[in-house]
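Trainee: Put chain Y on the given structure of chain G with help from the hints.
Residue numbers (UniProt numbering), protein chains in the order written: chain G, 1 to 390; chain Y, 1 to 242.
Think of the hints as simulated: they come from the structure by calculation, not from any bench.
Keep in mind it's a predicted model, so treat the numbers as computed, not measured.
Where a beta carbon is used, it is the ideal one built from N, C-alpha and C, also for glycine.
Accuracy of the hints is not assured; some may be wrong.
Quick list of the computed label-pair ranges, beta carbon to beta carbon [what the hints assert, rightly or not]:
{"hint": "1", "chain 1": "Y", "residue 1": "E178", "chain 2": "G", "residue 2": "L252", "range": "58 to 64 Å"}
{"hint": "2", "chain 1": "Y", "residue 1": "G183", "chain 2": "G", "residue 2": "I23", "range": "45 to 51 Å"}
{"hint": "3", "chain 1": "Y", "residue 1": "K116", "chain 2": "G", "residue 2": "P338", "range": "51 to 57 Å"}
{"hint": "4", "chain 1": "G", "residue 1": "L36", "chain 2": "Y", "residue 2": "E108", "range": "45 to 51 Å"}
{"hint": "5", "chain 1": "Y", "residue 1": "E178", "chain 2": "G", "residue 2": "M226", "range": "32 to 38 Å"}
{"hint": "6", "chain 1": "Y", "residue 1": "E108", "chain 2": "G", "residue 2": "L252", "range": "41 to 47 Å"}
{"hint": "7", "chain 1": "G", "residue 1": "L281", "chain 2": "Y", "residue 2": "S120", "range": "45 to 51 Å"}
{"hint": "8", "chain 1": "G", "residue 1": "Y320", "chain 2": "Y", "residue 2": "D64", "range": "55 to 61 Å"}
{"hint": "9", "chain 1": "Y", "residue 1": "K116", "chain 2": "G", "residue 2": "L36", "range": "52 to 58 Å"}
{"hint": "10", "chain 1": "Y", "residue 1": "E115", "chain 2": "G", "residue 2": "V311", "range": "44 to 50 Å"}
{"hint": "11", "chain 1": "Y", "residue 1": "E197", "chain 2": "G", "residue 2": "M226", "range": "41 to 47 Å"}
Derived lysine-lysine pairs resembling BS3-like cross-links, with alpha carbons at most 30 Å apart [to be verified]:
{"hint": "12", "chain 1": "G", "residue 1": "K383", "chain 2": "Y", "residue 2": "K210"}
{"hint": "13", "chain 1": "Y", "residue 1": "K136", "chain 2": "G", "residue 2": "K10"}
{"hint": "14", "chain 1": "G", "residue 1": "K3", "chain 2": "Y", "residue 2": "K52"}
{"hint": "15", "chain 1": "Y", "residue 1": "K12", "chain 2": "G", "residue 2": "K379"}
{"hint": "16", "chain 1": "G", "residue 1": "K20", "chain 2": "Y", "residue 2": "K136"}
{"hint": "17", "chain 1": "G", "residue 1": "K383", "chain 2": "Y", "residue 2": "K208"}
{"hint": "18", "chain 1": "G", "residue 1": "K20", "chain 2": "Y", "residue 2": "K124"}
{"hint": "19", "chain 1": "G", "residue 1": "K222", "chain 2": "Y", "residue 2": "K52"}
{"hint": "20", "chain 1": "G", "residue 1": "K88", "chain 2": "G", "residue 2": "K50"}
{"hint": "21", "chain 1": "Y", "residue 1": "K52", "chain 2": "G", "residue 2": "K379"}
Which stretches of chain G does chain Y cover? Using the computed rule of at least three CB atoms under 8 Å from a CB of chain Y, they are [unchecked claim]:
{"hint": "22", "region": "7 to 20"}
{"hint": "23", "region": "213 to 227"}
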Amino acid sequence: MNKFTKIVFKKEMMDTFRDKKTIFSSIIIPIIIFPLIAFVIGLGSSDMVKESKEPVQIALLSEENNELEMFLKSNNNVNIIKTKDYRKSLDKLDVKVVVKIGEDFDEKIKNGEKPEISLIYDDTSQKSEMAKSRIEQIILSYTNHIVVRRLENEGINPQILEPVDIKSSSVSKEGGTGLLLFSMLLPFMLTVWSAVGGIPAATDLGAGEKERQTLEPLLTTKANRMSILMGKYFTVVLAGIIATIASLIGFLIATKINPEFLGESATLSIKSIVIITLVCLEMALAFSSIELAISFYARNFKEAQTYLSPVSILLMVPAYLTMFVDGRAVPEYYFHIPIINTIGIIKEVIVSVYDFKHILITTGWNLVYIALFLIVTVKMFEKETVIFRN
Amino acid sequence: MIEVNSLSKHFKDVVAVDNISFKVEEGKVFGLLGENGAGKTTTLRMLATMLKPTTGTANIGGYDLIQEPADVRGEIGILFGGETGLYDRLSARENIEYFGLLNGMTKEDINIQIEKLSHSLEMKDYVERRVGKFSKGMKQKVALARSIVHNPSIMFFDEPTSGLDVTAVRIVHKFIKELKSEGKTIIFSSHSMNEVEKLCDEVGIIHKGKMIEVSTLEGLKEKFKEENLEEIFISLVGEKNE
Numbered sequence: 001m002n003k004f005t006k007i008v009f010k011k012e013m014m015d016t017f018r019d020k021k022t023i024f025s026s027i028i029i030p031i032i033i034f035p036l037i038a039f040v041i042g043l044g045s046s047d048m049v050k051e052s053k054e055p056v057q058i059a060l061l062s063e064e065n066n067e068l069e070m071f072l073k074s075n076n077n078v079n080i081i082k083t084k085d086y087r088k089s090l091d092k093l094d095v096k097v098v099v100k101i102g103e104d105f106d107e108k109i110k111n112g113e114k115p116e117i118s119l120i121y122d123d124t125s126q127k128s129e130m131a132k133s134r135i136e137q138i139i140l141s142y143t144n145h146i147v148v149r150r151l152e153n154e155g156i157n158p159q160i161l162e163p164v165d166i167k168s169s170s171v172s173k174e175g176g177t178g179l180l181l182f183s184m185l186l187p188f189m190l191t192v193w194s195a196v197g198g199i200p201a202a203t204d205l206g207a208g209e210k211e212r213q214t215l216e217p218l219l220t221t222k223a224n225r226m227s228i229l230m231g232k233y234f235t236v237v238l239a240g241i242i243a244t245i246a247s248l249i250g251f252l253i254a255t256k257i258n259p260e261f262l263g264e265s266a267t268l269s270i271k272s273i274v275i276i277t278l279v280c281l282e283m284a285l286a287f288s289s290i291e292l293a294i295s296f297y298a299r300n301f302k303e304a305q306t307y308l309s310p311v312s313i314l315l316m317v318p319a320y321l322t323m324f325v326d327g328r329a330v331p332e333y334y335f336h337i338p339i340i341n342t343i344g345i346i347k348e349v350i351v352s353v354y355d356f357k358h359i360l361i362t363t364g365w366n367l368v369y370i371a372l373f374l375i376v377t378v379k380m381f382e383k384e385t386v387i388f389r390n
Numbered sequence: 001m002i003e004v005n006s007l008s009k010h011f012k013d014v015v016a017v018d019n020i021s022f023k024v025e026e027g028k029v030f031g032l033l034g035e036n037g038a039g040k041t042t043t044l045r046m047l048a049t050m051l052k053p054t055t056g057t058a059n060i061g062g063y064d065l066i067q068e069p070a071d072v073r074g075e076i077g078i079l080f081g082g083e084t085g086l087y088d089r090l091s092a093r094e095n096i097e098y099f100g101l102l103n104g105m106t107k108e109d110i111n112i113q114i115e116k117l118s119h120s121l122e123m124k125d126y127v128e129r130r131v132g133k134f135s136k137g138m139k140q141k142v143a144l145a146r147s148i149v150h151n152p153s154i155m156f157f158d159e160p161t162s163g164l165d166v167t168a169v170r171i172v173h174k175f176i177k178e179l180k181s182e183g184k185t186i187i188f189s190s191h192s193m194n195e196v197e198k199l200c201d202e203v204g205i206i207h208k209g210k211m212i213e214v215s216t217l218e219g220l221k222e223k224f225k226e227e228n229l230e231e232i233f234i235s236l237v238g239e240k241n242e
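So that you can see chain G by itself, here it is in the shape it has in the complex:
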């Protein structure tokens, strides 16, 4: 970094981080967004988890005493509520499901006929739907009991119903479902933040400078245009990196608030962190220059914001497209597509796949974009029609 670039960089860093708007959008928002999501998800899911651990509240409609009624009454997972108007109770969710046992239930069971059980529930309510599934399982355990009894009466081993023994186990070293979520959200978040994290700074350093009318005196100092531009460029890059780190901190806080957000065992090795840092830095280097170029092209702050907002939307598309790509099977051609290649690398290292050929291809392409975008930015900054557009 030459002397003038250092002076510009130092001043811009100080100026940028004295700006409440930039601190809010580059540090505070990325830090609070994930804990907020985790908290809201946690609130919703903990309510459902609580519900699933409590006995299912049912209303029972039965003409006479029967074996199933006894079975349900004795089951600790069932709470039978007495109600005069079961439909009203179901509406209010005082009962989650109504179990209607058909006539002559025991008699029909004894004779090998099929007595009817109706489950009345509200399919617009998640709680009622969940209760219906739980009560189905409970009734199924009762019917299994009858099947076993019938087979034994016929002298048949009930084991006949289970011709194979299915045992499942995951080969994943760590993680499980948590890791799956982790590998979906983390690449998306890191890629987006490292690319767009510098936008607030870029807006202020280009269009903001024009609007304040500080660009003209700046261009008549001894510092040449390249040094000024580089000082500003490194500031935008660093702002992008700080925003990415802030979002990572937010991510960690989110996992503390609600461990089920990502799974407790989702961790990253040092090797993974180094590779992720490398590709994210490449993203920040590439996008910062293009953001700065757009900002310098804009006549004022507002215009820069209008031009820069599609950049975020542009990034969301590949990020969403690759959301469900498996880290163990990222197609080879993905590593030749901008943005998607960076997401691909992060997805791989999360599931401990370290393919250096992929890293090399991605880094190679990213270096091409960085060089290309920088050339465009330098050309733009040297163009009188861009700098003095207003």
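Mentor: Relative to the frame of chain G, chain Y by itself:
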């Protein structure tokens, strides 16, 4: 000294400045007088190396505008527009220091200059405060200090009093007079006859990109047999408009 030779600037089909030449002796104040859009700002932007001339060149403080733009920049200080152009989140000192550093000064020299300038511009009380909440007059003083911190021998002022109140205008006028007494060479653009009459030794009247008259104030008055500069200007520009 400033010597402008056949300077032109074209923006696509528009000729903003058309083959102008003039000379400003050392220690003199040259007033560039013209209507809005006459080409004053474009001329000053070219002289300040911000815009590349389409044709022609200038010698500024002994350096060629085209061949040695970096050296030219070391010799000049600028104040463009009535709006001050400062960084609101930096203190007055930080604003001035930034431009001093970018002009190759050491921190020690900058501190000596800030001390001197904050005394002469009476801004000692607020030099350490952030400029965001300053009044227009206070900001104007900081901008003046910023433009002169590196002690340039040549100053360019482009309509430095437009949009300012009476107090701020007086600050600028006083400052320009002080610079003149220190022997600095100044080009001052304005569309106010009164201002030009008050401050300038020589006047160049620019109209539709062309320099239509260059003379001392006395020379103009004698040539047009008219004491009122405004009348002279109208008769010159009016003639060209017809």
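Trainee: Does K52/Y pair with K379/G here, judged by a C-alpha cut-off of 30 Å?
Mentor: Holds: K52/Y and K379/G sit about 15 Å apart, inside 30 Å.
Trainee: Are 3 or more residues of the region 213 to 227 of chain G near chain Y, judged by a Cβ distance of less than 8 Å?
Mentor: holds (count 11)
Trainee: Taking 41 to 47 Å as the stated bounds, is the beta-carbon spacing between E108/Y and L252/G within them?
Mentor: 46 Å, holds
Trainee: At the C-beta level, are L36/G and E108/Y separated by a distance inside 45 to 51 Å?
Mentor: Between L36/G and E108/Y, where Cβ atoms are some 50 Å apart, the hint holds.
Trainee: Within 30 Å, alpha carbon to alpha carbon, are K20/G and K124/Y?
Mentor: 27 Å, holds
Trainee: For K3/G and K52/Y, compute the direct alpha-carbon distance and say whether it is at most 30 Å.
Mentor: Within the cut-off at roughly 25 Å; holds.
Trainee: Given the hint that K88/G pairs with K50/G, test it: the Cα-Cα distance must not exceed 30 Å.
Mentor: Distance of about 24 Å is within 30 Å: holds.
Trainee: State, for the Cβ atoms of E178/Y and M226/G, whether the hinted interval 32 to 38 Å holds or is violated.
Mentor: 35 Å, holds
Trainee: Keeping to a limit of 30 Å between CA atoms, is the pair of K20/G and K136/Y held or broken?
Mentor: 23 Å, holds
Trainee: Do the alpha carbons of K383/G and K210/Y lie within 30 Å of each other, as the hint requires?
Mentor: 25 Å, holds
Trainee: Given a hint of 58 to 64 Å, does the C-beta separation of E178/Y and L252/G actually sit inside it?
Mentor: 59 Å, holds
Trainee: Given a hinted range of 51 to 57 Å, is it respected by the beta-carbon distance of K116/Y and P338/G?
Mentor: 54 Å, holds
Going through the hint list in order, the structure satisfies each hint without exception.
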